Structure formats: C-alpha cells, structure tokens
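Enquirer: If you read the sequences in order, they're chains A, B, C and D. Residue numbering for the first sequence follows UniProt numbering, starting at 1 and increasing by one per position. Residue numbering for the second sequence follows UniProt numbering, starting at 1 and increasing by one per position. Residue numbering for the third sequence follows UniProt numbering, starting at 1 and increasing by one per position. Residue numbering for the fourth sequence follows UniProt numbering, starting at 1 and increasing by one per position.
Because the hints were derived from the structure by calculation, they are not lab data. Incorrect hints may appear among the rest.
Dumping the calculated DSS-like pairs for lysine-lysine here, alpha-carbon to alpha-carbon at most 27 Å [as the list claims (entries may be wrong)]:
1. K287/D to K148/A
2. K283/A to K144/D
3. K287/D to K287/B
4. K144/B to K287/C
5. K287/C to K287/B
These numbers were taken from a predicted model, which means no experiment stands behind them.
4 protein chains.
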Amino acid sequence: MTLQIEKSPIVGSLREPITPEGRDLLDIVTTHLPAIGAVAAENDRQGTFPAAVFEGLRKDGVMGGTVPTEFGGFGVGCMHDVALVLMKVAEADASTALALHMQLSRGLTLAYEWRRGSSVARSLAERVLRKMGTEGAVVCTGVKDAPKGGIVTTLLPAEGGGWTLSGRKTLVSLAPIATDFAIYARAHVPDGPPRYALAVLPRQSPGLTVLDNWDGLGMRASGTVDIVFDNCPIAPEDVLLREVAGERNIAILAGQTVSSIAMLGIYTGVAQAARDLAVGQLKRRGKVTSGAVRTLVAEMDARLFTLRSSVAGALAVADALAYDEVTDPAERGLQMMTPFQCAKLMVNRLAPAIVSDCLTVVGGASYSGSNPLSRLYRDVRAGGFMQPYTYPDAVDYLSGQVFGPLDEGQQG
Amino acid sequence: MTLQIEKSPIVGSLREPITPEGRDLLDIVTTHLPAIGAVAAENDRQGTFPAAVFEGLRKDGVMGGTVPTEFGGFGVGCMHDVALVLMKVAEADASTALALHMQLSRGLTLAYEWRRGSSVARSLAERVLRKMGTEGAVVCTGVKDAPKGGIVTTLLPAEGGGWTLSGRKTLVSLAPIATDFAIYARAHVPDGPPRYALAVLPRQSPGLTVLDNWDGLGMRASGTVDIVFDNCPIAPEDVLLREVAGERNIAILAGQTVSSIAMLGIYTGVAQAARDLAVGQLKRRGKVTSGAVRTLVAEMDARLFTLRSSVAGALAVADALAYDEVTDPAERGLQMMTPFQCAKLMVNRLAPAIVSDCLTVVGGASYSGSNPLSRLYRDVRAGGFMQPYTYPDAVDYLSGQVFGPLDEGQQG
Amino acid sequence: MTLQIEKSPIVGSLREPITPEGRDLLDIVTTHLPAIGAVAAENDRQGTFPAAVFEGLRKDGVMGGTVPTEFGGFGVGCMHDVALVLMKVAEADASTALALHMQLSRGLTLAYEWRRGSSVARSLAERVLRKMGTEGAVVCTGVKDAPKGGIVTTLLPAEGGGWTLSGRKTLVSLAPIATDFAIYARAHVPDGPPRYALAVLPRQSPGLTVLDNWDGLGMRASGTVDIVFDNCPIAPEDVLLREVAGERNIAILAGQTVSSIAMLGIYTGVAQAARDLAVGQLKRRGKVTSGAVRTLVAEMDARLFTLRSSVAGALAVADALAYDEVTDPAERGLQMMTPFQCAKLMVNRLAPAIVSDCLTVVGGASYSGSNPLSRLYRDVRAGGFMQPYTYPDAVDYLSGQVFGPLDEGQQG
Amino acid sequence: MTLQIEKSPIVGSLREPITPEGRDLLDIVTTHLPAIGAVAAENDRQGTFPAAVFEGLRKDGVMGGTVPTEFGGFGVGCMHDVALVLMKVAEADASTALALHMQLSRGLTLAYEWRRGSSVARSLAERVLRKMGTEGAVVCTGVKDAPKGGIVTTLLPAEGGGWTLSGRKTLVSLAPIATDFAIYARAHVPDGPPRYALAVLPRQSPGLTVLDNWDGLGMRASGTVDIVFDNCPIAPEDVLLREVAGERNIAILAGQTVSSIAMLGIYTGVAQAARDLAVGQLKRRGKVTSGAVRTLVAEMDARLFTLRSSVAGALAVADALAYDEVTDPAERGLQMMTPFQCAKLMVNRLAPAIVSDCLTVVGGASYSGSNPLSRLYRDVRAGGFMQPYTYPDAVDYLSGQVFGPLDEGQQG
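Generate coordinates for the entire structure from the input sequences, incorporating the hints supplied.
Expert: This is the structure in structure tokens:
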C-alpha cells in the first residue's frame, strides 16, 4: 500500500507569496539564503551577530521590505508574505530570521500607524519609515523591561519641553546594528495619570548604551541584548502618548497581531528545516526500512502540514482584518488575536515535537554540536517565550474569550 | 491578562461557502438541521436510519446537491462547500452526515467522471447523474468486500453479453433508502487479465439483498449495512472497466480524493459540536474558575482551530487540482492525496482528543447515555476507519512519498 | 535487531498477590472468570446486571473477600491484592469488577474503621462486617447526591431518638443485589452545626427505593443506579457522626484512599484486556509487517508496563501507610492520596490511549458492537469520573500540594 | 477542593536504598553533591570534564562503589541502589552522573562476570576488579565504533601470542581520567570464524590515543570522547572471546541490562531537578494563580511519579533476575530486557516532556544560558540515544517480543 514517486513535494500552505511585492522581496531574499546558512553554525557557536549578512540584506533593500513604496521601501504589507520570507530565512538560520523580524515587523506596524493612526502618530511614523526606506535606518523595538533592577522604563517631562527616558529593556534582537530604537515606556504626564507611550530615539542619544549580554539557549546569533537608558533626551514629536497606564485596551490587539504574527513563519521554518535535514541524512544512509522511523516521518509530515495550515489560516484572518474599516476596532482586535493565539499555541507544541522526532530518527549523530539539528533543537524552543503570549497567558486569553475573564484575585 | 468580550465567535476556516451553489445548498440544509438534531439521540439508541429526515432532504433537492445543474442538481462541485455542508449536518447528527456523504460524494465523483472520463464513463455518469437529479435516485457505493466468507466481489461475463455480479459488500451507508448501487468488483474479462470495474445496478435487481445488519459502536443511525449479490445481471453499458487488477495506479488517487475528502467535514463537525455542548453545559453551571477546565478549553479551541485550518488547507488543494488539466494525472493524484492524508491523520487524532476532553470538563454527567457527548464520543471514533486510509496505510503512503515504498516482503 | 521468543510474558508489576489471603481470594475468583466473561457482551448490550455471576461469587465467599477472618471473611486487607483481583475480573468484564469493587471496598473501609475508629465506629463496623462475613450481606455505598432535584441527602433527628434519612444518591453500583446501604449524609444535629455522617440501613427500610435507571456510555452491567430515601427511619447506633460539615479534614484522605485506590486495578485490567484482544486478533491474521502497527504495539506494551508500575507504586505506599500508627494522620492521608492521584491521573490518560490504539491496529472490525474492543472503548472512559478525584479536582489537589491552595475566590 | 500542607514531599519510588552497601555509598556520594553542583554550569559551558570532582569521589572510594568488598570496593550489587546514586548525582549534574555511570556499570558487569562467567572470564574480571578496588583504576568501556572511517575495531593475532587491537571507539564517557579501557572488538581467531571479544588494556598502551573531541548538545562535561587504537598489543589473558560474530545471542541481554539499566536513574534525576528548580523559581515569585501553570505542575508531578515508578519497576525485575540461577539464561535475558526497554521508552518520552514544561512554567528566564533549566533541556535529550536501545531499535525489540522478528529484508 505504497506508491512510488520521484520527488517529495513540500505540501501545505505558506508556499507562495500572495502579493507581487511579496514575490519581489522573497526573490531577493532567496539570493541571500546560501550566505545566511553558511555562517549559521559558527555564529551560533560564538553567539555572534551576522553583521555582514545584514549588510548584504540592507544593500539589497531587504531592510525596507515592509516600508511603503512611498518612502522608498518594497511596500510589502501582506503579513502572509512577510511570514513566508521569514520562514525561508529561518530554514537557513533561525537567528537571522528573528533579527530580521524585528525590522520587518517595525515596518509593518509603522505603516499601520501611518494608515490608521492619529495625526501625531502618522507624522512620526512617516519620518521613521522614510528613514528606514531611504537612509538605511534599522529600528529595534524594546518592549520588555529587564528584570534586573525591576525598574519600569519611564519618560519624565524634561525642562524646556520634551522628555527624558530612563530604564532598561531586554530581549532587543537586532540591536548590534540598530540605528534607532522604538521604546515602550510609561510617561509621567504633567497633568494627568501616567500613560503608555512609544518613544523613538537614535542610537547616538546621550545616555543610551547597547549591551552585549545575550547568552541564550538558542537563537544565539540574533543579537538579542539589553539596552540601557540613562536620562536620554527625546524631542516632543518623537513620543507617542497612548492609553492611560493600567487600563485594558483591546483595540491594541490588532496592532499587536500586526506586529508579531509573522514570527510564526520563523518556527515553521525551523521545523521544516529539521524535517528536511533529517530526511536527507536518512536517505544518504540508504533504504529506510525501520517501521518506527517510517511511522515518525509520516507523523512528522502530517504535523508539518497541520502547522503550515494553521499558520496560514491565522495569517489570512490577520491580513483580511488589518485594514478592514468596517469592523469595530476592539472586535477586530479579538478576531485577529484569537486565531493568532490558536496557531501560536499549536506551533509551540508541534514545531518542537517535529524537531525532537527528527533527532530521534537520525539518532546519536544529531546530538553532536556540529550537527545542525542540535542547533534547531535549541532554536525552536524560543517560540514558547515570544509575546504575545506565553502559554499561561495564552490560556488566560483563550479561556477568557469563552468564559469571560477571571476576576483579578482569580488569575495569574 | 484576560479580555472580556460579549460573544465567542467560532474561529478558523471552514466557515463560509466559497461558491454560490454551495451557499444555496447550505442555506437549504440549514433549514433541516433542527429536524436532523431532534431525532439523533433516539435513532442512535435504536440503530434506526432517519428515513423521514432523508425524505425531507430529498424533497428539497439536497440529494442532488452535487449533481450538475445540467442534470437537475444544485451543481455544487466545490469540495470545500460539500465538506462545510457535511460539517453543519454532523454538528446536528454525525450519522446523518455520514449517510448524506455517500450520496454527495457519489455526485462529485460521477460529475468528475462526466467531465474527465472516457466516453463510456461519461455516458454512464450522465445517465446516473440525470437519474439522481431528476428522479430522486439515491446511489450507494460499495467498496469494501465483507470479511464474512472472504470472497472477492466479482463480475463474470454473462451469456448473451453483459455481466453477472456476485459477492458481498460491507459498510454501505445510506443503503436503507438506496435506489441504486455503484459496486466495485473484479471483472473476469474474457480475453485478458482480471480488471477492476465499477458496476451500477438498481436495488430491484434479481439476486440483490440489502441486509439490516449494522451494529456499530457509533454512527448507529447511518444505515451502514451489507449488500449481498447473487448472480445479479448487469447490462454491458452499466459496467466501467478500469485498470488491470493488482496494478498500482496512482492516477486513481485524484478520484479517491474527490470521492472521500469531504468526509473530513463530518469529524470536524463532531468535534465542534462536542466543544459547543461542553462549553454550553459549563456556562449553565455558572462561573468557570477551575484552572484545569480553563486550560483544557483553551487547548480545545486551539486544536479545533488547527483541525479546521488543516481540513480547509487540504480541501483547497483538492479543489484547485481536481479540474487542473495541466498537471500530469499521476502527479496530480499525489498532490491531492498527500494533503488529504496529512489532514485526515491529524483529524483522526485531534477530533477524538477534543471530544474526550469535552467529557473531562463536563464530568460524570457526560458519561450518561442520555448526554449527547456520550454519542459523540462513539461517533467520532469512526473517522480512523474511513478509507482512504486507515492509520497503518496512511503511514505507508506518507512514508512511501518520502522514502519510496518498501518492497512487498517488507510491508503491511 | 529483533529477537525471537516463544511466548510473550506479561511484564510489569501487579502480577502476583503479596499476601496468602490475597492468593486464596485470587485463586477462587480465577475459577469464576470464564463465567464472568461469558455473559459480558450480552449484559453490556442489555444493560443487565449479572446477578447469577454474583450469586456464584457470593457462594464461594468472594463477597466477603475483604471482611476480616474474625467475622467470617477471607481477610484480605492488602489493597494491592484487592486491586489485582479486580484487575483480573476486569480483564473478563469491567462492569463486574466495578460492582465487585463496591463490596470489597466497603469491607476494606469497615475493617479500617474497626481497627482505627472510635468505639462507636468500631461497634457499627463490627456489626456490618459480621453480617457481610456470615450472612451474605451485600453493602452498597452511596456518596454522590443525585443532581436531579439538587437536594442534599439529609439525616434529621427522629422523634423518640434515632434519625430519618431523606434524599437521593446516584451512581450506586451493585445496587440490584444490595442487602444494605451505607449512605453519606448531612446530619442536622440538635445542638450544634450540621455534621457529615454515615448511615447504614437495610434495603427493606420503609421509604427506600432502588431505581433501575442506569444508562451509561459504558460499565453498563454494573448495576449503577439511583437510590431514593423518603424519611427512612434509622436507629441511633447505625449512624456515625463525623466532622462538622464544610470543614476541611485532611485526615479523611487516608480513608478515601483505602476506599478507592483498588479501583485502579479495574482500568489496568481493561487496558490489558484490550491489548491482549488486539494482539490476538492481529496474530490470527498472520504475519504482522506494518511498521505503524508494530510501532503502536511496542508503544502499547511500554505504556502498559508504565501503567502497571504506577498503580503498583501507589498501592505499595497505601498498603505501607494504612496501618502505620506513627505518622500523623493528616500527613499520612496526604502521603497516601498524592501517589494515588498521580497514578490515577496517568491511568486515566494511558488506559484510554491504549484501548484506542488497540482499535487502530485492529481496524474497522473493532468498531462493530460485537467486537469486545468496542465495549472496552466505552468502559475504559469511566475511569476519569471516579472519585476521588476527577481531573479538575486532581489538578487542584496536586497543585495545592505544591503551591498551597488557591483562595476560595480563586478556585473551582 | 485543595488542601494545605507545609511541605511537598517527593513522592514515588526510587527514594531509599535497598541494601546497606547502597546506603553507605549514597551517604558518601551525598557529601559530594554540593561540589558537583557548584561546577556544573561552568563545565557545561566550557565542555570541561570535572576532574577535581572525580578525584574527590575516588579518594572516598566511590569509584569502587560496585566493586565487590572482596576486592576492596563498596560491594554495591543492587542495580536499584546504583540507579538511586546516579539519580542523586544527576540532580546536581547530569554529566557527572553519566561519567560516573561508566565506572559503576563496569564494576557491576565485571562482578557479574566474576560470579557467573567462565574461568577465563572470572580470572580477568577478578584482576580488573582488584585494580579498581585497591589501585584506583578507572575503567572505561568502548562499545560503539566511530563512524569516522567506518572501520570495525579489530583484534588480530600477534606474532608470539596475544593480540593487537586497531580501530576507533566513540562516545567513551569518563575517558579523560581513565586508567584502563575495556573495548569490544571483533577478533580474527586463527582457526575459525570471527568472534566478538572484550579486550582490556591500560591507557599507557603503545598506539592508544585518547582524543579530546567531545562537543555534544548536552552532557558536555561528561568527557565523552573517541579513543584510537593503532596496533595496540594485548596479552592473551586480557582478551575474552565471546560468541561467533553475527550470531544472535539473547543470553547477552541479561548482561546488557546489568550494564546499562542504572542509567535510567540519570534521566530521572534530570527530570526531578528540573521540576524542583521550576517550582522553586515559581515560589520565589509569589502566589501562583495561573490555571495553566498549576495544571502543568500537577501534570509534571503525576508524570514524575510515573517515571519513578516505571524505573523502579524495571530495576526490581533486573535485581531479582540478575543472579537467579534457575531461569534459563536466554529467557532470563528477555525477562530483564523487556521491562528495561519499556521503562526506558517512557523515560525518554516523559523526562524531556517534564523538562520542557518546566521551561514553559518558568517562562523566558529559563531560556537564558545562565539558567540551569537550559542545561537540563539539553542534557535530558541524551537519554534517547543511550544503548540499548534507541527508539527504532526498541520498537523492533518490543514488537519482536510480541509478533516475532521481521525477516532480514523486512527490518531496520
């Protein structure tokens, strides 16, 4: 009950770009994949950021992939296509994909602000996008406060107008080559309650220090470091004030989805790479007759298909709703976030399982540091920690969609 | 970390028909869902076929849902839409959906033959389709020989031309109201090796007996019985000769996919129904605070999203390739079958897991024969036995795609 | 890399009785297994209690298996041995094992009361045990109030002393042949807060009705029905007053473990029976070469080994601590309950998984109502609903052991 | 439904030594655990063997832990106790446990030879054991030929009697401090077919080179390197000739079990350490209210219990049968190996799952190279590659026990 074929086509969704811009970007990125893959092992070992790879990507305009054409970019606005690009990059090196995601995601969200935001937001977004599209700006986003010290990154009003930024952000990928930073902070507004804010500042800002402190289990070449801010001055027009701190705002779910959903491509790429490596290593050894190996490989392909279908399904919803002007923003946010979280939960389960089974079918050789599967085993585990959401938060979010939230005292 | 919303929208693919014909069919079927659901429990208990339900469906033309409009049918050719209709029916009663699948699947494959087959095939297909579209014919397919007796169902040349059919088919759903049967048999061709063949014959044929022997663990109202053929005479034009028996023919994979892939909607519907029942029963009890229950429900929704995405992904490939005239038929068959099998393997894992978790969160009440979850627990397990393929055969198929087949002596 | 052997020994723990009394009981029970198995299918189909089987067991003294020899019983006090006996019975018929568990468990807990309880408890226990050991009493325990009506079963002080019992208990297995009932109720004590209580009353009590309302998904021959109490009079000495209602009392965990842990043998037996049936059916078909089938069977045996080891491990702790006079009772209760719950959680996961895989390897034949695997698929699912605890409660208990309990407002 | 307790006792088997010798050895090893744990992180990072730790263990006699007292050792012959010691060491550092296992396992198998072997075997075993017990010999076993070059390690008859050894062994843990090597080789016997053989030779042997080439994904401090043999001379009495090469010999299964089963303790220890680290980190953060975290921790404890029970169950069988003189050696081998493989398969599934869930509940902090959980995530994955058997071979072995082996052409 088996049929012979010559080739084993990759099945499942997330195969072809949907937009012409996406096709163009993918074509150019494809020419860089050999170079990306060639340095992956050594950069992983040393924990070194692949600066030369990114210089090449920048020269070819890839760093402006999601910057609108109006500002000199490729103009890819389709999240599916961004995820597909990241998937292909991740098949060569997951760290590079994670770092690239930082820049492409920033372009997506700024373009989203530029199209849908307030006039202040549009103005700031336009300035930054133009810098990304024409001056080679590399913009890193800092979301998470560093646990060290436990301080909330804060904007204080500066004398004479403007602000000063102080604090420490962690897990800022791509930072080694960043020219600018977009930092989430709590702003102490003079006459009113503290508000969430986004501040953009150049790397040369006085008081800004980029650390070299990344030491991850995996994703070791992603340049994911801490940034320290010590009274960095920021002009008024470079700060976007948002909702009052502490208030729930489900409208932001749409923006969070736009910012983060393409990362699902990264972990899909890791799983696909592991599968292809394992199958390749097995085939080189000759006829595969072990019933257990054949069973695991069949399971692997079925799960990979499922993973790709789920990711594509969530991206399709996100792309359909991101610029939908009809739906209520809050409802739209939920409709985008829920499929994203469903797909993310399954990716974080299936991708590591696929990689682990790849090690099993290849055997002890895969446990060597020189076998790329051992890198993928470490890289793939990062997916569970990406925001939004970690597993416990995803459970709260998804069950909250069904039953309503637990009261404060009842939840994590 | 939880957000409140008013409603809990069903997320994931397989939500809306793609074609206008599909929309029309779904709209009509929707009006029958209350009646279908109303008799589900009692028919399950008694193992009774819902003849009145099907009479209603027939009157409204649903039994010609996949018959081309040229022959008086609804003309739904989109497998996605057929799967969606079956999913909605299965949410009301899985047995009804399984029986209905028999007829809708037959329409799909006959229309496929009518469009792509040999002239003999086209002629036979046209006759049967016309009968289905205008005379209310209900056509059941018999694929599997009954293990009782271990006899291969066989066509022997009859004196004076034509054939006689003898043997016994099992697992023929919908048979209680069948007007005609399409039976796979081995034909002893006078001058040549035995060939596979399809024979169509009316229920009134001399020597044909419809048994009443269904006693399944689940799907108890699907009228899935054995049919006995004792020298039934068949006219020459009612037999389609196919490939030489014993030869592998991967071109038939496309037809098998067309014939069977919509069944994935059935098990998706069972899982969705179980989830909705469980959530409904939980909500009626008041605030759900158990961490384990909330975790299981979040997992359930993520898995349901994945299941729907996978099924939709496989259907999209099948719909895209079914009438593709460019691709080599064999290659096309593989490209359709592989996603189908990947999705089926995951459906057969995820759907029973979802239903079982539904029982867990509802608790002991779900173990009562009067709780519909106990029926779904039995019904959903049928998915693993549907052809093509069972789990062992799917593993052989999928691993054969990767590594090539095992030699005869090496496989199951 | 495979070695040939003649036989396939059952591996894992839970193979041999530990005590001579356990050996004697097992030997006698073994002689009844063919009779038990012979009527299993038909009783399952009809939902009929195997009264003749139990008459046979009673004649041979099995119903007094756990009654101390002082009172005419076999004197089996080792929970491991009781679980082993139930496992062997469940291999023949799970319903019979579940019903027998009711009686053997009652003997164990009464013997436990007789050895460790208050003087009132000892006196009552002695009377009931003597009746079980010498007069053939069959004592059913009613724990769970019937959801119908939502009434708490209650003891009210009767005029002239004693009590009257009113309410309705559900899920009382073995009830069709019960001679006496041990009922948990809330007692309205004249001068004080309500207290938990255990009341023992004969079947002939005025106002007591044994319903015939069992209709389970599985365990259909276990005679698991509701009992209605309408002002049943009970003598003062037949009521044991316990802790104040609503108070937590971890000392009772030891008694709950003694009462319920042997049930783990039942689901172990179901899984073992399914495995043996599946392997037997496969072997009868000839050489098994399917890689998927061989993989599933290897997994099955590994999981069965694990299941048996876990159950044996939990029983070993329970047997060691049940009569330990040194350890603080509360601490002892936790030390017994925690392994029991760990093993139960894994049994409720692994046993259904094993049975489901048995259906998979056997194929469609197993889905027929006449194949015993279809009964085991239904029976095995009962395990998740047995007290203590269901899955959500087990998660609360086990996580509470690690982190302390959630506050009232935080938990289920 | 939660109960408060003060402490969270470790539940499950594998808690206390069974023999007095085991107790003594554990007590001494316990004093070294802080030192072992203190250097674990740095040695992992650098891939450095903890030579000072082993010097300390040697001084206290731990390296003679399984050497019979007759020869100056601790005389621990109970595999359960050896596994328990390795588990405790692995809780501090898995690499150290893996290296220590090499020596303790060698003592066990030599003592087994000394008690059960041929006179030649007894004599050689006695000499090596005496050297281990009184002279501080550290004996490493080389089983697996290095894939580099693909050469079978071979013994050729030397001129003037004796042998010369040539080849290359890989995955020889503990080698940095080995004084002697026990090498499996194929011996070209002058007048007869090639035979399997074991050769013992000192580190100073001419032609012997210990490489420094370990670079594992995990177990990085275990000193697991390649050893090259270039015409090393070996005296006749230092070679044990065994069965004819290529012949199946199930009698050796008993010896393989004795040699390897204690390693299950290592992976149990890794899982236990991960669980304790995760729970500790969670508790330090304050009240744990997340339903998902509490659910995962409950699952973790249940699986850890199961894992410990399974390992203890397999060890109990091995200890009972290792010196059983009654059972047929081949049958005994199977009876020891089957539970070992069942437990190993489950350990290799449950231990990595537990560690991965520990990362999930701790969150992103666990992904840092400085968090010990990231080391455990890598270390625990080694279990799947330990011999006997890897997963595909275990499936062949276990399914072969049930169905008989596949023919040569049918298997892996």
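Enquirer: Can you name, in rising order, the numbers of the hints this structure does not satisfy?
Expert: Structure breaks hint 5 only.
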